[in-house]
Amino acid sequence: DTEVTQTPKHLVMGMTNKKSLKCEQHMGHRAMYWYKQKAKKPPELMFVYSYEKLSINESVPSRFSPECPNSSLLNLHLHALQPEDSALYLCASSPQGGNQPQHFGDGTRLSIL
Amino acid sequence: KQEVTQIPAALSVPEGENLVLNCSFTDSAIYNLQWFRQDPGKGLTSLLLIQSSQREQTSGRLNASLDKSSGRSTLYIAASQPGDSATYLCPGRSSGDKLTFGTGTRLAVRP
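Chains as they are written, first to last, in my numbering: chain A, 1 to 113; chain B, 1 to 111.
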């Protein structure tokens, strides 16, 4: 069982839809991360939040909009996605960020029609 | 910029064999190295953490070592089992928060 919970597990959406991915952790971690993983490729970092502030944006297109309402919750808002955005989206957390270990959720499998 | 190479890319072995998976990093400034496994379509499960002051770490049948001077890490799996079949990842860090992943080692253990 993972201590980082991601919902939904699967999401199918059209290119004009707006949807959100959710990530939750109750370990008291203060850093949270979004990664994108295409099929048969390694994960790639998208965003980092540290103490609820966005600290890293890896030049991600604006159709992906992250939000960290509190230290336990991380959202990824999706709008006007493209078929190439279909991927596994992974959330992770770490106690205080920096060089500390990261704990991953099981991911949300996103398919764009 | 940190780059990670994992060798071999894929491995298929019969059950019971002892295995060695290798990682090398272009930037040897390695802190808190994590080894992960990933089952198909799933998230990453942390297997071992070698902290910056350590040279190796053991958990059950797994042993990971880190040689900072050469920028290399090795994961040793003893007495492999079919349940060990997965992709193994050893990300480096380009900067504190940023994990940089190689393409992994895809392991299949045959019954």
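Hints are supplied without guarantee of correctness; some may be wrong.
To be verified - Simulated coverage check for chain B against chain A, where a stretch passes if three residues somewhere in it have a Cβ under 8 Å from a Cβ of chain A:
id : stretch
1  : 22-34
2  : 58-66
3  : 101-111
Derived by calculation from the structure, the hints in this document are not laboratory data. Predicted, not measured: the structure shown is a model, and the values here were computed from it. Glycine residues also receive a C-beta, built at the ideal position from the N, C-alpha and C atoms.
Structure-based check of each hint:
no. : hint    : verdict
1   : 22-34   : holds (count 3)
2   : 58-66   : violated (count 0)
3   : 101-111 : holds (count 4)
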